[in-house]
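Participant: Each chain sits in its own coordinate frame; assemble them with the hints.
For the record, the sequence lines run as chains Y and G. Take 9 as the starting number for the first sequence in the numbering used here and just add one per residue. Take 6 as the starting number for the second sequence in the numbering used here and just add one per residue.
For the record, the hints were derived by calculation from the structure and aren't laboratory data. Please note: incorrect hints may appear among the correct ones.
[What the hints assert, rightly or not] Okay, the calculated beta carbon distance ranges per label pair:
1. G:Thr-51 with Y:Gly-205: 33 to 41 angstroms
2. Y:Pro-175 with G:Lys-84: 45 to 53 angstroms
3. G:Lys-84 with Y:Glu-213: 25 to 33 angstroms
4. Y:Asp-41 with G:Asp-17: 51 to 59 angstroms
[What the hints assert, rightly or not] Pulled from the structure, derived: some chain G residues nowhere near chain Y, Cβ distances all over 10 angstroms:
5. Ile-12
6. Ala-54
7. Leu-87
[To be verified] DSBU-like cross-link-like pairs, simulated, lysine-lysine; straight-line CA separation at most 35 angstroms:
8. Y:Lys-105 with G:Lys-84
9. Y:Lys-72 with Y:Lys-105
10. Y:Lys-415 with G:Lys-84
11. Y:Lys-295 with Y:Lys-28
12. Y:Lys-177 with Y:Lys-72
13. Y:Lys-177 with Y:Lys-105
Just so we're clear, the structure is a prediction, and the values are computed from it rather than from any experiment. Backbone N, C-alpha and C fix where the C-beta goes; we use that ideal spot for every residue, glycine too.
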Amino acid sequence: MRYSGFRVIAEALTGHKGWKPVWRDPDPQPDYDYIIIGGGGHGLATAYYLAKEFGQARIAVLEKGYLGGGNVGRNTTIIRSNYLLDGNEPFYEFSLKLWEGLEQDFNYNAMVSQRGIINLIHTDAQRDAATRRGNAMIMHGADARLLTRDEVRQMYPWLNFDNARFPIKGALMQPRGGTVRHDAVAWGYARGADQRGVDLIQNCEVTGMRIENGRILGVETTRGYIGAKKVGVAVAGSSSRVMAHAGMRLPIESHVLQAFVSEGLKPLIDGVMTFGAGHFYVSQSDKGGLVFGGDIDGYNSYAQRGNLPVIEDVAEGGMALMPAIGPVRLLRSWGGIMDMSMDGSPIIDKTHIEGLYFNGGWCYGGFKATPASGWCFAHLLANDRSHETAKAYRFDRFLKGLMIDEKGQGAQPNLH
Amino acid sequence: MLIHHPILGPRDAQEFVYLGDASLIDRPDGMTAGVDAFHDYLYNRTNPAGEHQELWYHEQGDRSWLVVTRNTVTHEITKVELARDVARARGRTK
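So that you can see chain G by itself, here it is in the shape it has in the complex (with noise of 0.2 angstroms):
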């Protein structure tokens, strides 16, 4: 697979690590959020057969976080972005 990264083009998969679902981008807050809500964003998963928005880390390369829109039945990736802008776009500050 190539993941086209926003800022250094095409990049083979394998310089990549997996994180998972790029909902855990919306942690919950720890101060206001009760051990259900924590227990279904740690554990929980849609886990969807079709697009899945999920995280990848650069390791071999500049180190960012990207969000790469993916079908998990075909392994077709139709979007990357930086998980900064979309953190940033839901209203996290950093």
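Just chain Y, same shape as in the assembly (with noise of 0.2 angstroms):
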């Protein structure tokens, strides 16, 4: 069924009657060409283009538990290309490229609104590192803007301009950055995914991997053993769990990220931002409720729950640059699992097991990179080689002094 303006209203006309579930629930075949791990934004990604640009059949999505479930259900919605170094850059502007075509592509609504983002500065030295963070994302195809003072406050009159620590000296803003209805892209996949015959298997948890003489030949699953020529990993925050099953060890930690959503308001933040002087961000949704967040909790954890430290370091930032938010009562908190990686960038890349492919490490900048991560994954599964934008991914780039470090700290997770 293809949605329309028209067919909204025949349905409305005839008291909606005709809408169908909008995926099936088979069971799963004794074996596929392509098995892919993981129910989520990336997995799903990932089966829709195997399936729509590469010409492949014979594909399953395995999910543990049900479709976007994970952290395509848990995150802050952002979108955005705004990064530095020249292993990233040409990816996420690849990745925001498909966001913009993304709802005419799967014919879905996924809300995408390039609302703009801005990130403040506070320092001499921070206006630099922005102007050059800018120009990079320029010379990569993507836009960037620095704004001044005024015009800042022109945006957001009431912020803190002159706090007397980190008084906002102007920003750097990416206009076509945004956001996007989270849940909406996990199941604009599926249903992409699924019209074109991809089994998606839900209840389904990989217990193993069955591997002979290198290769690997399918996976145990809670519903049986499901034979495959080449097995997907993407499950970023269990990826070691995952990964275990093949015997590999990953140079990834999984750590807690906590976000938050204010009691609704009426229209404060048209765009998206972050203060540069503490870790907050912010933006509105829809509905009114302020969308935030801040850093990682900082240790290991499966938990998908924070602890309040963080929740009260994300509420003083939150109060340090907007005051007027004092009386805003919190609705809810929640938690998702990170896979934090040793440099802070992904992993998109074959393993040492032949017919084995593994993509996770997202830190928590996984989902403006659904889109990419699904197509680049899709191009490796169905060509053996990496994609243009995804090259720098590599497994091994620790191993040869490759990292990509867009914060510069070095071999450790919680700090990226």
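Facilitator: See below:
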């Protein structure tokens, strides 16, 4: 069923009796050409592009719980391509371009809203860094603007511009950045993949991998053994647990990142904003809630819930930037598990096991990467070589000293 | 989280800095270990879901390094030792 304005009107006139389930709920076949482990944003996007762009068939997505029940449903929905380094910026710009055409491409309303993102500047050194970053973005074909203090004041006159310690001096803006309805991304990719014959198999946890003579033959699951020519793992957050079935240890630690939403407010922030002095970022949802977050808790965790010190720290950042939110009540807080890699950048690569491929290490930047991650992983699975924009995301970059460390922190995952 | 420091008693985890897996104590010998062993030591982690031994540094306290045994699924802490004692028990001289 294609969605369109006419369809909505026709259904409205006939009592909405024509809507059907958006995807099938098939039982697993004995074997497939491709198995994608992980029915989140990245796994579903991989299956979608594998079928649509790379002409492959006999594809299954195996999901432990329900589709889109992990990090794609737990993030703060921001898209942007404001990276500095050569290994990153072309990839994220490719992703942003895919976002721009996504809804037409998969015929689903993902509410892609390019409302602009600004990174606030508080010192001269930050302005230099922001200028350099903006120039790097422009050189890679992205968009960037340096805003003066007055331009920021025109946008958000109620910010604390004259904070004694961190006055606002300007901002780096990417007008094409914005937000997307995150669940709809998973649903749109799932629907598109299902329409192209991909089996989306839920409640199917991978419990083992059958590997003989350095080659993967298939996976053991809670719904029986399933054979496959190629297996792609896209389970960021749980990468170490799944890849342990193949006897691999990864350059990744799992950390919990918390996010928050306030009660609904009248329109206050029409874009996305990051505080450059503390770690705090905020946007406003279409329902009116302020959606915001900050740092990871900082210790290994698979708990999907964090602790109070980080909540306090994030609230302090918010109050320092926007004293007006003081009376606003917090509606919800939650946590998601991040693959924190050793240099803060992801991995999309083959493994030493023939037929086994890995996609993970997204740290807390996985959501914006979803389309390009799926595309590049599908490219790797179908062609056995990396996509042009994902060539740097290799396992051996740590061995070879080719780290992509945007923050220059070194091999310390909780600092990225 | 409260960390029961072996010398100072219960302390708020906010007083500590987290480094990571306590296997970092077992640094390979730079004169004999190869590149692969160092790469594995520096970058790869077991990253278990469940019991995890990890290094915490009491920066806003007595500046001791601790080995904390903590469950990464429940955050429950079951054991806290001085890293010095753990390292010596593993044969390190200091």
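Participant: That 51 to 59 angstroms hint for Asp-41 of chain Y and Asp-17 of chain G (C-beta), does it hold up?
Facilitator: holds, 53 angstroms
Participant: Does the Cβ pair Thr-51 of chain G, Gly-205 of chain Y satisfy 33 to 41 angstroms?
Facilitator: 38 angstroms Cβ-Cβ, so the 33 to 41 angstroms window holds.
Participant: Would you check whether the claim that Leu-87 of chain G is not at the interface survives, using Cβ distances to chain Y and the 10 angstroms cut-off?
Facilitator: Given that every Cβ of chain Y is farther than 10 angstroms from that of Leu-87 of chain G, nearest at about 19 angstroms, it holds.
Participant: With a cut-off of 35 angstroms on the C-alpha distance, tell me whether Lys-177 of chain Y and Lys-105 of chain Y pass.
Facilitator: holds, 30 angstroms
Participant: Next pair to validate is Lys-72 of chain Y with Lys-105 of chain Y; report whether the Cα-Cα distance is within 35 angstroms.
Facilitator: holds, 31 angstroms
Participant: Take the C-alpha atoms of Lys-177 of chain Y and Lys-72 of chain Y, compute the straight-line distance between them, and say whether it is at most 35 angstroms.
Facilitator: Status violated; Cα separation ~47 angstroms.
Participant: Do Pro-175 of chain Y and Lys-84 of chain G keep their Cβ atoms within the hinted range of 45 to 53 angstroms?
Facilitator: holds, 47 angstroms
Participant: For the pair Lys-84 of chain G and Glu-213 of chain Y, does the Cβ-Cβ distance stay inside 25 to 33 angstroms?
Facilitator: holds, 30 angstroms
Participant: For Ile-12 of chain G, is the shortest beta carbon distance to chain Y beyond 10 angstroms?
Facilitator: Check passes; 21 angstroms lies beyond 10 angstroms.
Participant: Check the non-interface label on Ala-54 of chain G: least C-beta distance to chain Y beyond 10 angstroms or not.
Facilitator: Since the minimum Cβ distance to chain Y is about 4 angstroms, Ala-54 of chain G lies within 10 angstroms and the statement is violated.
Participant: Does Lys-28 of chain Y sit within 35 angstroms of Lys-295 of chain Y, going by the straight-line distance between their CA atoms?
Facilitator: Between Lys-295 of chain Y and Lys-28 of chain Y the Cα gap is close to 27 angstroms, so the pair holds against 35 angstroms.
Participant: Given the hinted pair Lys-105 of chain Y and Lys-84 of chain G, is their alpha-carbon gap at most 35 angstroms?
Facilitator: violated, 50 angstroms
Checked against the numbered hints above, the structure breaks hints 6, 8, 12 and satisfies the rest.
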